[in-house]
Amino acid sequence: MKDRTIYIVQFITLSFVWILAVSITWWFIHLVIVASELKDAQTASISISILAVTIFWILAGVLSYVFFGLHRNAKAGA
Amino acid sequence: MAYQNLNDEDEVLFKPIYETGRGFYVLVAILVAIFLFGLGCYIRQLILGLGVTGMDEPVTWAFYIVDFVFFIGISHAGTLISAILRLSKAEWRRPITRMAEVITGIVLAIGGLHPIIDLGRPDRILHLFERGRLQSPLLWDVTSVTAYFTASTIYLYLPLIPDIALLRDRGGKLQNFYKILAWGYQGTAKQKHTLERAISILMVMVIPIAISVHTIIAWIFSMTLQPGWHSTIFGPYFVVGAIYSGIAALLIVMIVFRKAYHFEDYLKEIHFQYLGTLLLIMSLLWTYFTFAEYLTAFYGHEPEEMRVFLYKFTGGYAPFFWLMVFCNFLLPIIILSNRKLKKLPGILVASIGVVIGMWLERLIIVIPTLANPRLPYPTGIYIPSVTEISIFAAALSAFALGFMGFSKLFPLISIWEIKEGRLQSVHEVSKRLREYLPGHPEEKQVEASVKAEI
Numbered sequence: 693m694k695d696r697t698i699y700i701v702q703f704i705t706l707s708f709v710w711i712l713a714v715s716i717t718w719w720f721i722h723l724v725i726v727a728s729e730l731k732d733a734q735t736a737s738i739s740i741s742i743l744a745v746t747i748f749w750i751l752a753g754v755l756s757y758v759f760f761g762l763h764r765n766a767k768a769g770a
Numbered sequence: 009m010a011y012q013n014l015n016d017e018d019e020v021l022f023k024p025i026y027e028t029g030r031g032f033y034v035l036v037a038i039l040v041a042i043f044l045f046g047l048g049c050y051i052r053q054l055i056l057g058l059g060v061t062g063m064d065e066p067v068t069w070a071f072y073i074v075d076f077v078f079f080i081g082i083s084h085a086g087t088l089i090s091a092i093l094r095l096s097k098a099e100w101r102r103p104i105t106r107m108a109e110v111i112t113g114i115v116l117a118i119g120g121l122h123p124i125i126d127l128g129r130p131d132r133i134l135h136l137f138e139r140g141r142l143q144s145p146l147l148w149d150v151t152s153v154t155a156y157f158t159a160s161t162i163y164l165y166l167p168l169i170p171d172i173a174l175l176r177d178r179g180g181k182l183q184n185f186y187k188i189l190a191w192g193y194q195g196t197a198k199q200k201h202t203l204e205r206a207i208s209i210l211m212v213m214v215i216p217i218a219i220s221v222h223t224i225i226a227w228i229f230s231m232t233l234q235p236g237w238h239s240t241i242f243g244p245y246f247v248v249g250a251i252y253s254g255i256a257a258l259l260i261v262m263i264v265f266r267k268a269y270h271f272e273d274y275l276k277e278i279h280f281q282y283l284g285t286l287l288l289i290m291s292l293l294w295t296y297f298t299f300a301e302y303l304t305a306f307y308g309h310e311p312e313e314m315r316v317f318l319y320k321f322t323g324g325y326a327p328f329f330w331l332m333v334f335c336n337f338l339l340p341i342i343i344l345s346n347r348k349l350k351k352l353p354g355i356l357v358a359s360i361g362v363v364i365g366m367w368l369e370r371l372i373i374v375i376p377t378l379a380n381p382r383l384p385y386p387t388g389i390y391i392p393s394v395t396e397i398s399i400f401a402a403a404l405s406a407f408a409l410g411f412m413g414f415s416k417l418f419p420l421i422s423i424w425e426i427k428e429g430r431l432q433s434v435h436e437v438s439k440r441l442r443e444y445l446p447g448h449p450e451e452k453q454v455e456a457s458v459k460a461e462i
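Protein sequences appear in the order of chains A and B.
FYI, in the working numbering the residues of the first sequence are 693 to 770.
FYI, in the working numbering the residues of the second sequence are 9 to 462.
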């Protein structure tokens with residue numbers, strides 16, 4: 693398998709964690725809107741969402757930091 | 009593919025990836041058969057509905073929820089223990105952490121599926137996405153389990169990268185697979201630094217996430233006003249139980265794979281002694297929490313509470329309750345506090361006892377409360393059906409298959425951490441000792457003493 697193909701496959705696998713983080717954010721925003729429409733403990737919903745969403749974004753960020761860090765710091769031509 | 013001996017000093021750790029005996033295939037065949045039988049039972053449940061289980065009014069949560077709490081509890085073996093040992097710079101952690109992290113990843117996936125198995129109409133899980141209520145502990149649970157699964161998978165993967173790179177560089181089977189997963193790792197100083205920094209961030213993050221997972225599971229019960237569940241100490245009580253069962257599961261896995269893959273040189277008696285001591289401490293802590301929980305209920309003597317209390321102590325669930333006390337308290341205390349018994353066979357017996365005891369504890373928490381509702385109904389009866397037992401057996405098989413499958417793709421003991429330990433441990437420990445000891449002992453003198461001890 694060519695290096696370029698490998699990089700693309702690696703990039704696609706990394707993108708899954710971002711898809712997860714974005715999906716969860718989108719889902720939580722939707723649930724906050726529902727809570728707001730129903731006047732159903734909006735403040736609690738917003739607080740819980742902020743806490744949970746942050747965790748997924750940090751996890752995705754750490755994984756991306758490693759991905760780009762390892763590729764940037766690899767030996768040239770290796 | 010034939011096993012390539014490259015005369016690495018840790019060659020024995022690569023061997024299981026390249027060599028597979030007949031016994032492995034026989035065991036896999038048996039486990040697959042058990043798994044398929046359980047899967048068949050689940051498909052039958054999907055077609056016929058929850059009527060094929062032993063659940064009925066008022067016991068509407070039973071085996072599946074017990075198994076869910078049990079498996080998620082076991083998951084604390086890994087990431088939490090591994091993160092704590094890494095953070096505390098315990099040098100003896102090196103051959104243990106990988107196995108612990110693998111347990112977490114696999115049991116979380118299995119445990120996380122159980123609430124869906126518990127649904128007669130699993131398609132209704134979609135309502136959660138559409139109309140879920142964020143203030144419900146059930147939704148907190150979905151979120152925290154997903155976060156823990158994501159965090160622990162990343163926490164398993166990152167320390168695995170240098171070993172994947174080693175496998176890639178050896179050549180042989182699945183080269184492209186390892187190339188993809190190695191993320192271009194070549195062991196340069198900057199790459200090591202990047203990886204170490206990310207692992208440090210994760211190990212700090214993972215501890216509160218792991219604690220939150222089991223606390224939230226406890227809250228699913230304790231946020232209700234049910235007798236036997238409505239307790240303020242349920243959160244920490246569940247966390248203690250989870251760590252307890254996690255250490256026991258880790259010890260079982262370590263003993264089995266040490267024997268199967270000849271890891272005797274890596275997983276030494278001392279590792280089991282240390283983990284055995286941790287198990288003993290957790291046993292005492294669990295006993296303390298159990299005592300505090302039941303004493304408070306007994307002292308209050310509320311009629312509804314006492315109905316559940318007596319059902320556990322002297323009623324229908326008394327045999328399970330007292331067996332739990334034996335497995336979780338008496339057995340580990342007798343074995344682990346006795347030097348003669350605290351050897352590998354004894355530790356294995358104590359660990360198996362604890363795993364059984366902790367499963368019983370989950371059973372005793374879930375069912376007696378539902379069988380004795382607050383409303384004036386007669387006491388419910390629950391007998392698990394073949395479907396529920398088969399699905400539990402299938403879940404255990406899936407765990408074993410997952411672990412065995414992992415061992416055929418990746419090293420079960422972190423090779424780079426072992427190599428790093430050989431190079432740096434003596435210096436690190438000596439440096440730390442110099443900081444602890446009074447006065448100003450010479451570095452060389454301390455290092456020589458440590459080496460002499462080794």
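Hints may contain errors.
[Unchecked claim] Interface residues of chain A toward chain B, partial, derived using beta-carbon atoms under 7 Å: (1) I698; (2) F703; (3) V714; (4) S715; (5) T717; (6) I721; (7) I725; (8) I747; (9) G753; (10) V758; (11) F759.
[What the hints assert, rightly or not] Here are the simulated distance ranges between beta carbons: (12) K198(B) x K731(A): 52 to 62 Å; (13) S728(A) x D131(B): 50 to 60 Å; (14) A733(A) x P384(B): 45 to 55 Å; (15) Y757(A) x E17(B): 29 to 39 Å; (16) I725(A) x F334(B): 34 to 44 Å; (17) K97(B) x Y757(A): 43 to 53 Å; (18) H763(A) x R442(B): 18 to 28 Å; (19) H763(A) x V394(B): 15 to 25 Å; (20) Q432(B) x I725(A): 44 to 54 Å; (21) H309(B) x Y757(A): 50 to 60 Å; (22) T285(B) x F708(A): 39 to 49 Å.
These aren't lab readings, by the way, just hints derived from the structure by calculation.
Every residue, glycine too, gets a C-beta built ideally from N, C-alpha and C.
message: Run through the hints listed earlier and report the numbers of any the structure violates, in increasing order.
response: 2, 3, 4, 5, 6, 7, 9, 13, 14, 16, 17, 18 and 19
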